[in-house]
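The task is simple: from the sequences and hints, build the whole structure.
Line by line, the protein sequences are chains A and B.
Going letter by letter, the first sequence gives residues 1 to 723 in UniProt numbering.
Going letter by letter, the second sequence gives residues 1 to 723 in UniProt numbering.
I should point out that these hints are in silico values taken from the structure, not numbers from a laboratory.
Be aware that one or more of the hints could be misleading.
Treat identical chains as interchangeable: a pair holds within one or across any two.
Below are the EDC-like pairs computed for lysine to aspartate or glutamate, each with C-alpha atoms no more than 16 Å apart in a straight line [as the list claims (entries may be wrong)]:
hint: 1; residue 1: K292; residue 2: E419
hint: 2; residue 1: K220; residue 2: D250
hint: 3; residue 1: K433; residue 2: D228
hint: 4; residue 1: K488; residue 2: D324
hint: 5; residue 1: K406; residue 2: D377
hint: 6; residue 1: K386; residue 2: D568
hint: 7; residue 1: K267; residue 2: E563
hint: 8; residue 1: K47; residue 2: D118
Spelled out from the first residue to the last, the chains are:
There are 2 protein chains.
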Amino acid sequence: MTNEPPTKRIHTETDHQTSQLASYKGSPLELKCINTIRALAADMVQKANSGHPGAPMGCAPMAHLLWSAVSSGGVGRDHSAADPKWWNRDRFVLSNGHACALQYIMLHLSGYEDCSIDQLKAFRQLGSTTPGHPENFCTKGVEVCTGPLGQGISNAVGMAIAAKHLGATYNTTDFPNVISNKTYVICGDGCLQEGISGEACSLAGHLGLGNLIVLYDDNKITIDGGTDLAFTEDVKMRYEAYGWQVLTVDDVANGLDDLRAAIEEGKKTTDKPTLIKVRTAIGYGSPNKEGKASCHGAPLGASEIEAVKSRLYGLDPLKSFCIDEDVAAYYAQQAAEGDKARVAWEANFAKYMEAYPEKATELQRRFNQELVEGAFDDLPTFVYGKDKPDSTRKFSEACLNAVASKAPELMGGSADLTESNCCQIKGATDFQKASPEGRMIRFGVREHAMAAISNGMFAYGGMRPFCATFLQFAGYALGAMRCSALSKFGVIYIMTHDSIGLGEDGPTHQPVEMLESLRAMPNMNVVRAADLNEMAAAYQIALKSVNTPTVICCTRAPVSALEHSSRDKAMKGGYIILPEEGDGAPDLVLVATGSEVWRCVDAAKALQSEHSIRTRVVSMPCQEAFLEQDESYRRSVLPGNIPTLSVEASSEHGWHRWSHAQVGMTTFGMSGPLEELFVKFGFDAENVANKGKELVEFYKQLDGAVPDLNARPSFVNIKGSAH
Amino acid sequence: MTNEPPTKRIHTETDHQTSQLASYKGSPLELKCINTIRALAADMVQKANSGHPGAPMGCAPMAHLLWSAVSSGGVGRDHSAADPKWWNRDRFVLSNGHACALQYIMLHLSGYEDCSIDQLKAFRQLGSTTPGHPENFCTKGVEVCTGPLGQGISNAVGMAIAAKHLGATYNTTDFPNVISNKTYVICGDGCLQEGISGEACSLAGHLGLGNLIVLYDDNKITIDGGTDLAFTEDVKMRYEAYGWQVLTVDDVANGLDDLRAAIEEGKKTTDKPTLIKVRTAIGYGSPNKEGKASCHGAPLGASEIEAVKSRLYGLDPLKSFCIDEDVAAYYAQQAAEGDKARVAWEANFAKYMEAYPEKATELQRRFNQELVEGAFDDLPTFVYGKDKPDSTRKFSEACLNAVASKAPELMGGSADLTESNCCQIKGATDFQKASPEGRMIRFGVREHAMAAISNGMFAYGGMRPFCATFLQFAGYALGAMRCSALSKFGVIYIMTHDSIGLGEDGPTHQPVEMLESLRAMPNMNVVRAADLNEMAAAYQIALKSVNTPTVICCTRAPVSALEHSSRDKAMKGGYIILPEEGDGAPDLVLVATGSEVWRCVDAAKALQSEHSIRTRVVSMPCQEAFLEQDESYRRSVLPGNIPTLSVEASSEHGWHRWSHAQVGMTTFGMSGPLEELFVKFGFDAENVANKGKELVEFYKQLDGAVPDLNARPSFVNIKGSAH
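Given below as structure tokens:
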């Protein structure tokens, strides 16, 4: 299983080693396996000269058990290095992602190509497939990005939801195991202190996710010192309050019987998730650092590592990156058993395909992240002069339903704002403990977990999760939304009440900086549609962006009808929605998004009729899509050397790229009726027209010297994209 | 107490009213008081034609008790309309801020000028002092902005910490009550579902905050429907797991004895916080909507309100905004008692001032938010050629300690990264249950609560809280950081590891969009210092910005020494740190922040010596401060019509305002050593020099037509600032 021939042991056992073996209640090989993991973790961090040796050394016994194949009688996971994306693999999430040396070691021992011995030696180096925290897009066998604490365990809740839903939907009485995997997590106290995990685990308890087993590395140590500095709550009691089964294992360093029994119990309990509180010692085996914060986030040092190896049975104190033949053979055997399980599953799936071709094909399409044929055929079109204007959240509802009827992979819901967010799929039932086939999720008032759970559902496969709240409360979920973008998970965020236009609820609920926060984030689509046609484009962009999350921003209040809106043009991110009158370059360009577009159209018409200022209006629903167009198209829409005024009821920060002057927010909003707020803050057509006129006059005074916003070299991706 | 003469009752009691009174275990006046609150809430929402009547109607009995003065034998709060900022008032936080009609009514009944009957009638209207959610800066008597769920209860934890710390610091054996107030909270299930409240309450239990009493409005209803949709955990058990005393009150609609006893019990229990789970009915009294989600967030309707009034004892179904004389008199009496308590406290404080003039004066200074004289005198200066370069986080530590020794109001800590964030005040002890006089807080891995607790501490008064984590994890805390900015709370955020330069931990930990997220936020200082001198400016800006939070961004790795850095110049937000050689306008301007400044200096020197490109380097530690300078200064630093290249190891989004081209991030980072990353992403001096040269050549090809970035009208604050 290793890329180098196993090292032959030639050293003599130390007294310490003998005594460790003597007190160990289990086979010598088991102990040696676990010790080998510990030593490898210490070696990797030492070679990288940075990283976290303590947690892997303490958690090695858990990893050992979780990597024992079910099919060989172990209690652990079935998975396959030959097909890391095998649908029914048992998922594993290392929620304490800083312990990732452990994960890479286990992947190495199981034969995953991204974790060769050379890659273990390249731990945390630029370009390696063994980065400082687990990255799903970088390392095959890693399911999600973890490291930001609390994300992993919350992702795992999403994976368990996905598995339960898909099992309920696609399994049959004669094929009960098409989707039947379990999800395992190792997490530390950091993950449990984070609010996001409380949100996710409360929901997991409510939903009775019996396919989720969490091993809590209770090592009593945080970065600052003992957990008694800040974390003295009764975790067992809290998780029982959530409706979990909580089991306690007092020791894993001297034998695995208790942990094995606990995992068995967790697997047997199918009506609630299980938390196993495992008492461990951080940096186990380190004579001077075990049980101390000092082994959390720094290399142990060469001499300490030698001391570790001299104390742990089966290790050679003088060798690094050493995996003895018997150890390698053991894990190779476990991996082979896991792969056998996959092969057996595939044979079974072939029969399923014969018996239930429709279900099987749909499942294949879903796991391949392919859109159904004609996915966008039912998207509605707004007919000017005939259809009634409405809020863009109602338009979002129409589009969501138009695509959802064909795409069962769209599953999601709201953080307790279903009606306000207009995100109910008509006729769809709730995903609940008693109805796992339902596709609407009641997330509760838990925005951060909602986003992380959606990430987990996407990571599971076969899913296009959507989730919803007020745009302002994206600020509660940003930690997880960023993980969507980083992990390349095409989660769809429906964010309504997208400006001060939400009105009376006031500045606590009115987003100002949020659009810019999201636009500044790499690999994130932000779409703010001006009407139904642009909303159809938003859904098309979102669904096509399998590896990019999309935020669909919607108004609370109705927008006026637009004569020249276009789904196809909106797909380009920006387009001329009202051309200037007559020939030649316009005198003024207004560029706007969402609910400000129709006001700009009104302003432009007034400028033309009252002042003969030939004004163009550009609707720019998606900057990211616009930036992907070629330069000539972009210039044809936004010439750059024509006075350009941007209008968005949101922070003006970031708009200097596109405009010479901005009508935007520089303060927080206020509580009051929408139209009064729009006048107060200058987003009414009259003020826009006045400012447009001022802008034209300003440059006239400068003898027409309009700085050309397009006369800039593009230094984007100077050295190429990172990934 | 009302601005209008009390309305005389002329109607006849209905059967419903008689029966309500008959079953009520308490005085008729008490019931009438509570019913009056209910009716006023329904009236306010009806008149506003938007808002939340259900929670105030259900919570009215709690409010009634909390507004009964301690000094008159009640169990409630002592506070004073005559001096809403009286230091030792019992604090009240309405964590379910959408129920704010309730708070405004109680303030009205207590004689607070901002809540006159006219203001109750102007509820949720533009410019009123009764906005749609409570805003501390808008309404006297409101302590914090609530509405974003979970913030209020977390703020209250901060208030309780502040009270406990100040009490331990300033009370004496003979003056035990200089600071001795309690903090009361009403919250709903939404607040308890949010992760932030779990974080804050776990810490509150750990700290044994016996001065905190939370009334949980357990009405079993969320916006989407029954709480059984998503929230079935055992809240009592969870809070007991946190170490709280949890009491249960099954009914408050038919009498207050149980709740009164529970509050008494909560006040007696001084070693742990108390949660009182109060079973209520949302929209109590509404014949068709009581107990239903439909009365959560919409007016009841005129006929339903009439029906409510005809059912509730003491009300006239045909009158709106009606407060009978006896009701007004009762609350006026309570308010007077509260004010008496203040007067007595003031007399006591006068004696305290005589006995302990030093303590008393310091406390006054603190509550006045005045800096100690010479507050900045000890800030260090970096001497080029003599002092050793270091990371800016170490510089931050030096500056923090330089100001902290003189400013005891600086109290705070880290989310379990004390050493990494370099935020330990030397010699300071921890604030713990047994050591409330300590000023270092161990927040645990709880970023969101940390920020909200800091807000609460600031709101309490006498405090300049600071808190720390990695800059990337500001994304976890953004909901509360925004509340700092909105609420005008000068919290100091120390955010280290501020770019891809954190290195091996990789993209999950490397901020990219975070600086721009924060810069797009109104009323938020973002300072990224390039060396010790600029860091001293950062602390000076932060401390002087009493009503603006400041984020101090710090590097993990050392920065090279800068010859011309200046604390005074850095205070202006941007300045020339390396002038171009010779006379006349420069050929090129490089503008950078933090760890990129010295690289730009190196690049500029190379451009001069190798290509005779006369290059100016501008250091721009704080855009907000720079924008406050007059135009001539800004132009003297950044001419705008000279090719300008910005260099920041963060998203280039937002930099188009300042530069023609950007060296910035457009993707997430990677795991690897810092210097390799800086080369990979183009932030090394060599690449910066190359791009600078390219930029100069680009405009040469355009015959020197450099678009003038300053040739734009300023439309900032088009219609004036909101507040």
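Taking the hints in turn, this is what the structure says about them:
For the homomeric pair K292 and E419, the shortest alpha-carbon distance between copies (15 Å) is at most 16 Å, but the shortest distance inside one copy (51 Å) is not. With identical chains, the CA atoms of K220 and D250 are at most 16 Å apart within one copy only, with a shortest distance of 13 Å there and 38 Å across copies. Taking the shortest alpha-carbon separations for K433 and D228, only the inter-copy value of 11 Å comes in at or below 16 Å, while the best intra-copy value is 36 Å. In this assembly of identical chains, K488 and D324 lie within 16 Å of each other by CA distance neither inside one copy nor across copies; the values are 38 Å within and 62 Å between.
In this assembly of identical chains, K406 and D377 lie within 16 Å of each other by CA distance solely inside one copy; the values are 10 Å within and 69 Å between copies. Taking the shortest alpha-carbon separations for K386 and D568, neither the intra-copy value of 20 Å nor the inter-copy value of 64 Å comes in at or below 16 Å. With identical chains, the CA atoms of K267 and E563 are never at most 16 Å apart, being 60 Å at best within one copy and 65 Å at best between copies. Taking the shortest Cα distances, K47 and D118 sit within 16 Å of each other inside one copy (12 Å), while across copies they are farther apart (72 Å).
Of the hints listed earlier, those the structure fails to meet are numbers 4, 6, 7, in rising order.
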